[in-house]
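**Student:** Same order as they appear, the protein sequences are chains H and F.
Its first residue numbered 1, the first sequence is counted upward by one per residue in this note's numbering.
Its first residue numbered 193, the second sequence is counted upward by one per residue in this note's numbering.
If you're looking for bench data, these hints aren't it; they were derived computationally from the structure.
Just to be clear, a hint being listed does not mean it is correct.
Taking CB as the label site, the calculated pair distances span [claimed, not checked]: (1) Lys191/H <-> Asp214/F: 54 to 62 angstroms; (2) Asn171/H <-> Thr342/F: 53 to 61 angstroms; (3) Asp32/H <-> Ser203/F: 52 to 60 angstroms; (4) Asn171/H <-> Pro235/F: 50 to 58 angstroms.
Remember, predicted model here, so these are calculated numbers, not experimental data.
All C-beta atoms, glycine included, are put in the ideal place defined by N, C-alpha and C.
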Amino acid sequence: MATQTRGHGRANKDDSGMVTADGPNWPSLVFDKLREFDVCHVTYVPDSGHARLIELCHAANEMKPTVLTTEEEGIGILAGAWLGGERGVLLMQSSGVGNCINTLSLARVCAFPLLMIVTMRGEWGEANPWQVPMGQIAADTLRLAGAIVYEVTEPEAAAPAVEAAARIAFNGNLTAAVLLSQRMLGAKLFKD
Amino acid sequence: MDEPSKLLRRSAIARILGDRGDMLVVAGLGSPTYDCAAVGDHPLNFYLWGAMGSAVTVGLGLALAQPKRRVLVVTGDGEMLMGLGALATAAAKKPSNLAITVIDNEHYGETGMQPTHTSVGVDLAGIARTCGFRQTATVRQMRELDAAVTMLHTAEGPVLVVLKVSSTRDPLVLPSWDGALLKSRFRQALLGTQAA
Chain H
1 MATQTRGHGR ANKDDSGMVT ADGPNWPSLV FDKLREFDVC HVTYVPDSGH
51 ARLIELCHAA NEMKPTVLTT EEEGIGILAG AWLGGERGVL LMQSSGVGNC
101 INTLSLARVC AFPLLMIVTM RGEWGEANPW QVPMGQIAAD TLRLAGAIVY
151 EVTEPEAAAP AVEAAARIAF NGNLTAAVLL SQRMLGAKLF KD
Chain F
193 MDEPSKLLRR SAIARILGDR GDMLVVAGLG SPTYDCAAVG DHPLNFYLWG
243 AMGSAVTVGL GLALAQPKRR VLVVTGDGEM LMGLGALATA AAKKPSNLAI
293 TVIDNEHYGE TGMQPTHTSV GVDLAGIART CGFRQTATVR QMRELDAAVT
343 MLHTAEGPVL VVLKVSSTRD PLVLPSWDGA LLKSRFRQAL LGTQAA
């Protein structure tokens with residue numbers, strides 16, 4: 001079990017019906033990186049790919065999780081938290097990138113640090129065609145909006161990418177996004 | 193039925209910010225930003241010039257990060273309508289130090305005074321109340337303003353006060369629109385000169 005590290009290799013099916021990567025415990029390693037960078041505000045619209053990381057954040061006393069009604073709320077909340085001296089992260093699915101476009105101007109024009117972790121849909125092995133249009137333009141959209149984009153296809157690369165993104169976001173007051181591919185997350189297959 | 197009396201926005205905001213103490217202020221884009229600047233610029237004012245819909249979420253993040261400081265969001269009906277979901281998010285988090293005032297002239301003032309949904313009865317205080325805000329009020333007359341100011345300054349939050357104002361065109365008072373400057377001076381005033 002521990003030897004299989006590639007998401008597009010052998011796969012398991014978890015309780016939620018997701019086919020998941022049989023790899024290292026990347027959500028736990030990403031969580032550790034968030035703590036290392038003093039991230040405490042965790043704003044999110046949930047996605048199956050983020051479920052474990054969200055659980056870890058809710059279980060940690062030092063984290064302040066906030067569920068959003070729409071992803072762009074997280075950009076405002078993290079800007080406000082930074083005004084107040086605290087750091088955060090925005091977790092979302094790739095469909096949420098489209099909801100964020102205009103609000104990303106807040107981070108860019110004011111040079112707020114903005115760290116985002118995006119789980120991909122509509123990108124690799126997707127069963128639902130409605131996810132494809134936004135999923136296919138998520139990375140380019142983020143780049144056009146001024147973000148530095150790190151695309152991750154293997155689970156062992158997730159935590160290093162979050163570290164790289166957090167460092168440049170918080171050192172440089174920049175927008176940085178880590179995109180986690182369906183290659184490592186697995187695809188939702190809509191089966192019982 | 194007679195048109196109910198309405199407040200003058202500049203004098204209402206001057207009353208609310210007149211004795212602000214150590215309050216932190218987030219102003220929404222358009223006239224609310226000019227109204228706050230007209231009272232007097234302040235390093236602990238953060239003015240939004242864009243990202244419409246973000247005033248409440250910026251105030252919420254600030255309130256969560258600074259739980260001992262009162263945070264006042266001053267926004268307009270147009271911006272509030274664009275981000276109604278933020279009222280649900282704020283109500284779910286229930287920060288006791290967050291106060292929101294909506295300057296409601298029932299129009300989009302920046303774009304030619306087109307009517308907003310509040311002009312046909314959409315009730316922003318009612319929406320906040322049913323989301324779970326601890327106290328809400330809609331104020332139409334100066335004599336009601338004292339109680340509203342007290343609520344905004346001291347009541348356990350989250351609270352929301354709608355100020356029904358007449359649709360005057362007031363002189364433009366424009367603060368800096370250098371967002372990075374506004375951010376850094378706010379952080380330095382709040383967190384000390386090491387912060388930027």
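**Student:** Run every hint past the structure and note whether it holds.
**Tutor:** Results for each hint:
no. : hint                                      : verdict
1   : Lys191/H <-> Asp214/F: 54 to 62 angstroms : 57 angstroms, holds
2   : Asn171/H <-> Thr342/F: 53 to 61 angstroms : 44 angstroms, violated
3   : Asp32/H <-> Ser203/F: 52 to 60 angstroms  : 54 angstroms, holds
4   : Asn171/H <-> Pro235/F: 50 to 58 angstroms : 24 angstroms, violated
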